[in-house]
Amino acid sequence: MAEKKSLWSEFTKGIIKENPVLCLMLGTCPTLAVTTSATNAIGMGVAATAVLVCSNAVISLLRKVIPDKVRIPAYITIIAGFVTIVQMIVKAFAPAINNSLGIFLPLIVVNCIILGRAEMYASKNPVLPSILDGLGMGVGFTAALLCMGIIRELLGSGTIFGLQVLPVQILIFILPPGGFFVYGILIAIANKLNTKAGKKVVDSPCEGCPMSKTCKSFSCEKTENEPDEKEVAVNAG
Amino acid sequence: MLVKSLVSVFLAAILTENYVLCKFLGICPFLGVSKKLNTAVGMSVAVTFVMVLATAVTFPIYQYLLVPNDLAYLQTIVFILIIAGLVQLVEIVLKKYIPALYQSLGVYLPLITTNCAILGVTMLVLQKVETTSAFTYTYGHALINSLGAGIGFLVAMVMFAGVRSKIESADIPKFMQGLPITLVAASLVALSFLGFSGFVDKLIPIA
Amino acid sequence: MRKINLKDVFIPTISLFIICLLMTAALAVTNSITSTKIAENEAQTQQESMTVVCPKAVSFEEISDTVFKGLDANGNVVGYAISTVANGYGGQVKVMTGISDGEIINIDVYYNDDETPGLGKNTSNESFTSQFSGLLASEMIVVDKDYSGKGPKVDAVTSSTISSRAVVAAVNEATEIYNKEIAGGEQ
Chain A
1 MAEKKSLWSE
11 FTKGIIKENP
21 VLCLMLGTCP
31 TLAVTTSATN
41 AIGMGVAATA
51 VLVCSNAVIS
61 LLRKVIPDKV
71 RIPAYITIIA
81 GFVTIVQMIV
91 KAFAPAINNS
101 LGIFLPLIVV
111 NCIILGRAEM
121 YASKNPVLPS
131 ILDGLGMGVG
141 FTAALLCMGI
151 IRELLGSGTI
161 FGLQVLPVQI
171 LIFILPPGGF
181 FVYGILIAIA
191 NKLNTKAGKK
201 VVDSPCEGCP
211 MSKTCKSFSC
221 EKTENEPDEK
231 EVAVNAG
Chain B
1 MLVKSLVSVF
11 LAAILTENYV
21 LCKFLGICPF
31 LGVSKKLNTA
41 VGMSVAVTFV
51 MVLATAVTFP
61 IYQYLLVPND
71 LAYLQTIVFI
81 LIIAGLVQLV
91 EIVLKKYIPA
101 LYQSLGVYLP
111 LITTNCAILG
121 VTMLVLQKVE
131 TTSAFTYTYG
141 HALINSLGAG
151 IGFLVAMVMF
161 AGVRSKIESA
171 DIPKFMQGLP
181 ITLVAASLVA
191 LSFLGFSGFV
201 DKLIPIA
Chain C
1 MRKINLKDVF
11 IPTISLFIIC
21 LLMTAALAVT
31 NSITSTKIAE
41 NEAQTQQESM
51 TVVCPKAVSF
61 EEISDTVFKG
71 LDANGNVVGY
81 AISTVANGYG
91 GQVKVMTGIS
101 DGEIINIDVY
111 YNDDETPGLG
121 KNTSNESFTS
131 QFSGLLASEM
141 IVVDKDYSGK
151 GPKVDAVTSS
161 TISSRAVVAA
171 VNEATEIYNK
181 EIAGGEQ
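The listed protein sequences derive, respectively, from chains A, B and C. If you count the first sequence from 1, position 137 lands on 137 in the working numbering, and the numbers rise without skipping. If you count the second sequence from 1, position 68 lands on 68 in the working numbering, and the numbers rise without skipping. If you count the third sequence from 1, position 20 lands on 20 in the working numbering, and the numbers rise without skipping.
By construction, these hints were calculated from the structure, which means they are not laboratory data. Some clues are possibly wrong.
Lysine-lysine pairs mimicking BS3-like chemistry, simulated, CA-CA at most 27 Å apart [unchecked claim]: (1) A:K69 - C:K7; (2) B:K174 - B:K35; (3) B:K35 - A:K192; (4) B:K4 - B:K128; (5) C:K69 - C:K56; (6) B:K128 - C:K37; (7) A:K91 - A:K13; (8) B:K174 - A:K196.
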């Protein structure tokens with residue numbers, strides 16, 4: 001495969017084929033919590049993308065320096081640092097977004113997409129592909145959030161980006177139950193499309209979880225055909 | 001007055017401010033580990049334990065170490081490292097001294113470090129210190145709040161495990177099987193918790 | 001006894017320590033750059049809010065952290081802006097209350113981002129806040145649901161009684177501060 005094409009595929013795989021929210025079921029908490037409006041969704045998506053790109057770059061750069069034993073705490077420290085930097089920048093230059101994202105801005109630290117990409121990708125690959133991988137995953141995350149945000153805002157408040165579109169409001173869609181419901185329907189659609197294209201469907205949030213290796217055999221229920229490492233690697237490449 | 005406010009904080013954390021169903025914290029374990037009742041209970045007990053312990057440590061560190069030294073901006077990084085260290089420590093202590101408990105809870109511990117409910121609770125509890133105007137929000141309130149948050153998590157998990165066991169035997173269209181129907185069920189459970197809004201304020205008025 | 005290899009213990013510890021140190025240094029730098037801007041933003045939000053609730057004033061004099069004296073161009077007192085906080089549905093609700101001669105001029109809900117969009121967030125809409133204009137600072141205000149036939153009442157925002165109650169509680173706290181610290185002091 002040509003060098004250029006593979007770099008391009010590092011970027012695009014996160015957007016559709018391995019979309020972190022709709023296909024890998026990662027980062028469910030912010031997906032449900034901040035998508036009450038399209039603006040919030042973009043704010044969250046951009047903040048997470050920035051953290052993802054920076055942490056992927058730094059972790060990839062340090063992948064040979066960080067001792068294996070302390071790699072998880074080291075990753076968490078690096079991620080937490082970038083999250084705080086992004087939080088301070090957002091607070092300074094977009095205070096409205098900081099207010100509406102609230103606690104979920106610092107909670108990007110524990111967003112499994114970021115630690116997951118650090119552990120699965122950035123720790124094994126050179127800097128440039130890692131940056132592209134982070135960017136692609138970030139864009140995929142943002143796109144999925146935006147999709148949820150638009151649906152919930154349109155149905156729940158009758159607006160899109162604050163502009164009045166529908167005369168009716170079905171409030172339940174911006175309340176917590178509406179979040180679960182819209183997310184469920186979106187995944188059902190993604191599953192339908194994936195099965196049509198003959199792809200495997202993920203049906204537990206544990207599969208993409210970076211901690212799954214430690215807990216798989218105990219707590220997370222096994223899916224019918226657990227993909228093994230190699231299969232995942234082939235799919236990713 | 002003190003007892004009243006403690007009870008109110010405790011009930012609010014379980015019912016009206018349920019971390020899973022109202023605040024969307026800790027959704028991953030909620031969807032991932034709720035299929036069987038025993039794993040759901042084990043996970044919730046481990047979460048509750050770490051939540052209280054983490055609050056017990058982070059609360060004084062933030063109030064008496066970070067804030068007086070103008071280091072509040074280090075909150076995220078300090079808290080996550082404390083939680084990660086604490087989880088490791090608990091694991092080692094349990095393994096060594098209470099192997100029976102380790103057998104039943106230990107397997108959930110590594111998962112908990114990156115559970116946003118824990119970090120969320122330690123941060124939200126500190127926000128409450130500034131925002132609660134009806135009474136002074138003390139260390140005791142913070143601990144009771146995290147205990148309530150943990151029990152709220154347990155309630156949500158147990159309820160949801162029950163709901164999911166019913167789904168198992170239902171005839172569901174193929175594209176809705178698995179996560180989609182689980183999420184729709186979660187939506188209905190969350191709907192039932194909306195009914196609690198305002199409940200605690202009415203039950204135990206503090207003014 | 002198992003021999004502990006010093007290298008195995010020290011290298012991970014030191015590298016983790018260095019990473020922590022570097023990240024903290026980066027944070028300190030970012031903080032020093034952004035903190036002034038953040039403080040400015042907060043001051044500006046407060047300033048705007050004070051102007052809304054006390055439109056006659058051209059400048060404000062700080063009496064305490066939460067109480068501000070509004071002055072007109074000639075330096076005469078035209079009202080007071082008092083900032084108070086209460087617990088809403090999702091988190092805190094911050095309200096600025098403008099009071100002049102024992103009467104509420106206007107209120108401004110300048111922070112309610114933790115409330116539910118479309119419900120509790122509507123407490124910052126003028127249709128809700130304008131109900132407070134002209135109410136007497138000496139009386140406790142209640143929302144319509146808690147009304148027992150005495151004193152002033154305001155209509156709560158539809159299906160957001162908790163958020164509405166929070167705003168009312170904050171306004172009541174402001175009038176209390178006014179009655180205790182300002183009205184009493186003037187006589």
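State the violated hints by number, sorted upward, taking the hints as numbered earlier in the document.
7
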